[in-house]
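> Sequences are here, hints too, so could you generate the full structure?
Number of protein chains: 2
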Amino acid sequence: MAKWLAVALVTGVCCGVVGSLFHIGVERATELREQHPWLLWCLPAAGLVIVAFYKLTKTEGQGTNDIIDAVHHGKPLSIWLLPAIFLGTILTHLCGGSAGREGAALQMGGTIGRHAGNLFNLDDRDLRTATMAGMAAFFSALFGTPLTATVFAIVVISIGVVYHVAFIPCLTASLVAYWISVELGVAPTRFSVAAPELEKLMLLRVAVLGVGCALVSVLLCRTLHFAEHQMKKRLPNAWLRVLVGGGAVIALTYLCGTRDYNGAGMDLITAAVEQGTARPEAFLLKILFTAVTLSAGFKGGEVVPSFFVGATFGCVAGPLLGIPAGFAAALGLAAVFCGATNCPLASIFLSVELFGDGGLLYFALICGISYMLSGYNGLYSSQTIVYSKL
Amino acid sequence: MAKWLAVALVTGVCCGVVGSLFHIGVERATELREQHPWLLWCLPAAGLVIVAFYKLTKTEGQGTNDIIDAVHHGKPLSIWLLPAIFLGTILTHLCGGSAGREGAALQMGGTIGRHAGNLFNLDDRDLRTATMAGMAAFFSALFGTPLTATVFAIVVISIGVVYHVAFIPCLTASLVAYWISVELGVAPTRFSVAAPELEKLMLLRVAVLGVGCALVSVLLCRTLHFAEHQMKKRLPNAWLRVLVGGGAVIALTYLCGTRDYNGAGMDLITAAVEQGTARPEAFLLKILFTAVTLSAGFKGGEVVPSFFVGATFGCVAGPLLGIPAGFAAALGLAAVFCGATNCPLASIFLSVELFGDGGLLYFALICGISYMLSGYNGLYSSQTIVYSKL
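Those sequence lines, one after another, are chains A and B.
To convert, count from 1 in the first sequence and add 554; that's the numbering used here.
To convert, count from 1 in the second sequence and add 554; that's the numbering used here.
Check the hints yourself; a few may be wrong.
As the list claims (entries may be wrong) - Here are the computed lysine-lysine pairs in the DSBU-like style, where the Cα-Cα straight-line distance is at most 30 Å: (1) B/K557 to A/K754; (2) A/K612 to A/K786; (3) B/K629 to A/K943; (4) B/K754 to B/K943; (5) A/K557 to B/K754; (6) B/K557 to A/K943; (7) A/K629 to B/K943.
Claimed, not checked - Stretches of chain B that chain A covers, calculated by requiring three or more beta carbons in the stretch to come under 8 Å of a beta carbon on chain A: (8) 696-706; (9) 710-718; (10) 724-733; (11) 899-906; (12) 921-934.
Said to hold, decoys possible - Negatives, chain A to chain B, calculated, CB over 12 Å: (13) A560; (14) L575; (15) L602; (16) E614; (17) T704; (18) L752; (19) R776; (20) F780; (21) R788; (22) L789.
No wet-lab data here; the hints were simulated from the structure.
The beta-carbon is built from N, C-alpha and C at its ideal position, and this holds for glycine as well.
Structure follows, in structure tokens:
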């Protein structure tokens with residue numbers, strides 16, 4: 555026990571430091587992009603750098619699915635994945651690719667955890683625990699949500715199975731990483747939103763919104779997978795693929811006449827939840843931008859885009875059903891995250907950590923429905939869904 | 555889907571109505587006992603009535619483990635369990651046995667759910683879902699905690715496995731039952747307690763308290779099982795056993811010179827959490843009273859006693875570690891419940907529903923530690939723990 559406590563602490567410290575640097579890096583990149591709009595034109599070049607770095611470090615094609623496999627089957631992870639995804643994600647955000655950061659977080663965290671475990675000569679089972687602890691710690695440092703990070707890490711691998719044995723290692727690492735991130739000046743992600751009183755009619759409205767969110771999460775996952783598959787098939791050359799994809803993002807940006815869909819779009823998520831404002835087409839365009847960006851070979855993650863898609867969809871669809879726009883955006887965020895990751899319990903904890911416990915039962919209901927109706931789709935193809943959903 | 559929605563609604567309505575009646579019945583019985591202290595002397599006679607009724611309805615020896623088995627292996631459940639446990643629990647509370655009510659809740663709820671499922675000709679798998687929905691709905695009606703009830707029902711059967719497929723049926727039934735219970739005037743269980751700010755030193759203190767809570771939960775489970783085993787071995791005759799046990803509870807009550815440990819003791823739990831007051835020996839005496847009561851053949855449950863034991867232990871041990879007494883009582887309640895039921899995620903949701911989200915990370919930490927260190931003990935011997943804990 556002393557061993558994994560040490561591993562959890564080391565993992566937590568490393569993930570806390572690297573995670574905070576990464577967070578600050580993405581934030582600085584976003585500011586720079588906003589100050590210098592011409593950076594968008596560098597996106598294809600940035601793509602070439604990313605491809606070159608991945609080829610150089612022999613990490614080409616590796617991603618979050620490999621992290622999940624590392625826990626599933628104990629597959630080893632290259633330490634080079636760490637600088638590759640760090641650099642790749644910062645460049646993607648700097649030049650206006652549409653992506654998140656937690657794909658990067660899971661990959662860097664998992665790699666750090668696994669290598670920390672190697673340092674302590676852990677056996678195979680404990681190495682998997684250490685990998686989960688790293689995933690959780692990095693997630694926690696980025697979003698400031700240690701409990702969600704912990705639960706997410708122990709349930710995301712095999713849906714229907716809870717790796718309870720990793721709970722305390724993950725929570726320890728997450729708390730350490732969270733503490734370091736706060737010390738280093740990273741503000742935890744929080745939204746202030748008022749939840750309506752618990753009431754029958756509102757529960758029905760939320761249930762209907764949940765059906766919509768399930769469909770949106772299916773659309774999100776299928777579009778991402780479809781784009782990835784098609785791009786790989788039609789443009790097997792990675793250099794060419796990233797050039798064409800980068801060009802497509804530039805073209806889309808000018809076609810839409812807005813920079814709303816470049817980068818992570820945290821400001822638009824905040825606007826949807828806190829001010830209750832979003833454009834009706836935002837969720838569709840975000841899916842498109844993200845699909846093009848990620849399938850081209852740019853780096854980042856799919857979770858913040860799923861937040862964006864859910865929040866903007868909820869914000870627009872909620873009022874049609876009689877749900878206040880801001881609260882509906884919060885519901886949509888949790889529900890699309892749930893539909894895309896298949897983790898209802900982690901999604902409910904996410905809602906508590908991001909929005910407080912005011913709407914607890916509404917969040918539980920919408921996450922349950924979104925999970926149930928989102929089918930066997932998901933962001934991570936390595937994830938196994940152990941039991942049937944319906 | 556329409557079928558199980560109907561089953562969930564029917565189950566929710568039945569559990570809501572029966573659960574509310576049961577809640578009011580236990581409450582009235584408690585009031586009567588407090589007004590008429592001589593009722594304690596009727597405990598052995600009440601025991602005889604309980605034994606007679608169980609023999610008459612051929613439900614002798616059935617309990618919460620049979621409900622868990624009904625979900626595990628699809629074992630059928632006698633409808634007579636419903637009146638038997640209803641009557642048995644009310645009589646136990648009326649005459650001052652030390653017991654809870656949720657063992658009764660799980661049994662009545664499970665029975666109702668299963669028979670509602672039979673009405674709709676559900677197949678074997680859906681019958682198990684209906685059984686869980688009933689367990690959740692009855693729990694929800696009694697405590698006013700629909701989400702905890704739902705998560706508890708889908709994780710308690712096999713630790714490490716989440717029956718996600720039952721999530722929405724359980725939540726639907728729980729919400730319906732909760733709504734009915736509120737309409738019928740049952741006040742949801744809530745405590746007002748202030749949580750300290752998140753802080754390193756306090757996290758360490760809470761972790762140490764968690765080790766204590768794990769040991770207390772082991773003591774609770776082992777004492778209950780030991781008493782049950784010994785009583786059955788030494789007094790194989792059920793009539794004699796209940797007479798002796800009833801007499802022992804009377805003797806213990808006079809020896810202690812207090813009625814604090816008779817009945818459920820919700821007022822003492824409230825005093826521990828809200829006023830931060832409890833006697834140092836309270837948790838030990840409650841374990842003793844409950845072990846004697848339940849092993850003698852009286853009815854009720856082990857969850858409210860585990861709340862009592864945890865809250866009074868935390869209230870006394872917390873201040874020694876520098877944790878405010880009331881908050882430590884809340885922590886102890888969640889942690890001993892977790893150690894005794896092996897359900898960390900449900901215990902964390904319990905803390906949110908009972909105490910709000912102020913101390914979320916403290917509750918997560920203490921539940922995780924209590925789970926990890928409580929070994930392979932538990933209140934329910936039918937429960938399987940699928941993966942190793944450490």
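> A separate judgement is required for each hint: does it hold in the structure or not?
Now for the hints, and whether the structure bears them out:
Only pairs whose Cα atoms come within 30 Å are accepted, and B/K557 paired with A/K754 is accepted, the gap being roughly 21 Å. For a cut-off of 30 Å, the pair hint linking A/K612 to A/K786 stands: about 18 Å separates their Cα positions. Only pairs whose Cα atoms come within 30 Å are accepted, and B/K629 paired with A/K943 is accepted, the gap being roughly 23 Å. Restraint check for B/K754 and B/K943: satisfied, since their Cα atoms lie roughly 25 Å apart, inside the 30 Å limit.
A hinted pair counts as satisfied when its Cα atoms are at most 30 Å apart, and A/K557 with B/K754 qualifies at roughly 21 Å. A hinted pair counts as satisfied when its Cα atoms are at most 30 Å apart, and B/K557 with A/K943 qualifies at roughly 16 Å. This hinted pair checks out: A/K629 and B/K943 have alpha carbons roughly 23 Å apart, not beyond 30 Å. Counting residues of the stretch 696-706 of chain B whose CB lies closer than 8 Å to any CB of chain A gives 4, so the stated coverage by that chain holds, three being the minimum.
Here the stretch 710-718 of chain B counts 6 residues with a CB under 8 Å from a CB of chain A, which clears the bar of 3, and the coverage holds. Check result for the stretch 724-733 of chain B against chain A: holds, 3 residues qualifying (beta carbon to beta carbon below 8 Å, three or more required). Requiring three or more residues with a Cβ within less than 8 Å of a Cβ of chain A, the coverage given for the stretch 899-906 of chain B holds, as 4 such residues are present. Remark: the stretch 921-934 of chain B is confirmed as covered by chain A, as 4 of its residues place a Cβ nearer than 8 Å to a Cβ of that chain, reaching the required three.
Against chain B, the non-interface label of A/A560 holds: every CB pair exceeds 12 Å, the least being about 15 Å. Listed as a non-interface residue, A/L575 keeps its Cβ farther than 12 Å from every Cβ of chain B; the least gap is roughly 22 Å. No beta-carbon of chain B is positioned within 12 Å of the beta-carbon of A/L602; the least distance is around 43 Å. The non-interface label for A/E614 is consistent with chain B: the shortest C-beta to C-beta separation is roughly 35 Å, beyond 12 Å.
Remark: the non-interface label on A/T704 conflicts with the geometry, its nearest Cβ contact in chain B lying 7 Å away (cut-off 12 Å). At the 12 Å boundary, the C-beta of A/L752 falls inside the reach of chain B, the nearest C-beta of that chain being 9 Å off. Its beta-carbon lying about 21 Å from the closest one in chain B, A/R776 satisfies the requirement of being farther than 12 Å from that chain. Every Cβ of chain B is farther than 12 Å from the Cβ of A/F780; the closest lies at roughly 26 Å, confirming the non-interface assignment.
With a least beta-carbon separation of about 37 Å from chain B, A/R788 lies farther than 12 Å from that chain, consistent with its non-interface assignment. Distance to chain B confirms A/L789 as a non-interface residue, since its nearest Cβ pair spans about 38 Å, more than 12 Å.
Hint compliance for this structure: hints 17, 18 are broken, all remaining hints hold.
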